[in-house]
Amino acid sequence: MQNVLKASKSLESTIQEAEEELECISRQMLKARLCTEKDPMSDDSHSLHTSASTANIVSKNHQMNNVPSTEL
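When we follow the numbering used here, the leftmost residue of the sequence shown carries the number 142, and every step to the right adds one.
A hint or two may mislead.
To be verified - Label-pair distances were calculated between CB atoms; the ranges are:
hint, residue 1, residue 2, range
1, Thr177, Gln143, 43 to 53 Å
2, Glu153, Leu175, 26 to 36 Å
3, Cys176, Val145, 23 to 33 Å
4, Lys179, Leu146, 33 to 43 Å
5, Thr177, Val145, 29 to 39 Å
These are calculated hints, taken from the structure and not from any lab test. No residue lacks a Cβ here, since even glycine has one placed at the ideal position from N, Cα and C.
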């Protein structure tokens, strides 16, 4: 039983670290997108592609956060 508790705590820690890393990456992507949108020399199609890519990643992250811990 103690092994299960240790494994559970380790898994929770790993999940928390992964969530923090995802948040950091999301912030970096948002900053990059904002810089791209502010750049007057940037191509509009590139800005739209960047926005779509960011939205897709955010959507995937949201889906991961809704997975019950028993499925991880």
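Taking the hints in turn, this is what the structure says about them:
1. Thr177 <-> Gln143: 43 to 53 Å: For Thr177 and Gln143 the Cβ distance comes to about 51 Å; the hint holds.
2. Glu153 <-> Leu175: 26 to 36 Å: Holds, since Glu153 and Leu175 (Cβ atoms, about 33 Å apart) stay within the stated range.
3. Cys176 <-> Val145: 23 to 33 Å: Check failed, 47 Å falls outside 23 to 33 Å.
4. Lys179 <-> Leu146: 33 to 43 Å: violated, 50 Å
5. Thr177 <-> Val145: 29 to 39 Å: violated, 47 Å
The structure shown violates the earlier hints numbered 3, 4 and 5.
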